[in-house]
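There are 2 protein chains.
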Amino acid sequence: MPRFTHPRLEDVPLDLALHALADPNRLAMVARLAETERLSCTAAAPCDSIPKSTLSNHLKLLRAAGLIETAQAGREMINRLRKAEFDARFPGLLDAVLANRSADAA
Amino acid sequence: MPRFTHPRLEDVPLDLALHALADPNRLAMVARLAETERLSCTAAAPCDSIPKSTLSNHLKLLRAAGLIETAQAGREMINRLRKAEFDARFPGLLDAVLANRSADAA
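Chains as they are written, first to last, in the numbering used here: chain A, 1 to 106; chain B, 107 to 212.
The set of hints was computed from the structure by calculation and includes no laboratory data.
Some hints could be false.
[To be verified] Here are some of the chain B residues that sit facing chain A, going by a computed Cβ distance under 10 angstroms:
# : residue
1 : A128
2 : A151
3 : P152
[As the list claims (entries may be wrong)] Chain A regions said to be covered by chain B (calculated; three or more residues, Cβ under 8 angstroms):
# : region
4 : 22-31
5 : 43-53
6 : 61-68
The beta-carbon is built from N, C-alpha and C at its ideal position, and this holds for glycine as well.
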């Protein structure tokens, strides 16, 4: 059974959090998870054509930055955004990033 | 005479802006420029020991992200933060990043 490592938010440095958000695909995944509480890895993918290993690396980096939590649910891996914890660690940051992403997409 | 390229802020994508800020040295330079209006490249450096080529690359990336403007003033290159333009393009983003940096440094 795969085990995932999730950092304590106080151990996440600001530059790692920004790096995790500084990619259009990862940001699309974060935005999707901000809208839908829990998503399988496939459902969280930014597009259908993304290679599995690339998707896996993006999820790993999002976990390392304290942005998501991945847990096994039956045969699926389910991801959720650690919004409240991330917001407590980096007040206003995620909302500012997501608002700017929405403005660009509009 | 060196010539520097400065993008129009509307041409700067969000991921490039985040990438530029996702480095402790570049963020230290941005924070310093947010406090002091105009700084030479040396004065804007995050530390004395940083190699000139590294400093130059950091400044180049900050320019590409629309964060700073570099202009010749006599024999010096003077940098300033494009705060108002950056804020207009990415509302709330720079303030959220700088506030979180200050909180971490405190």
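**Study point:** In rising order, the numbers of the hints this structure does not comply with
**Key:** 2, 3, 5 and 6
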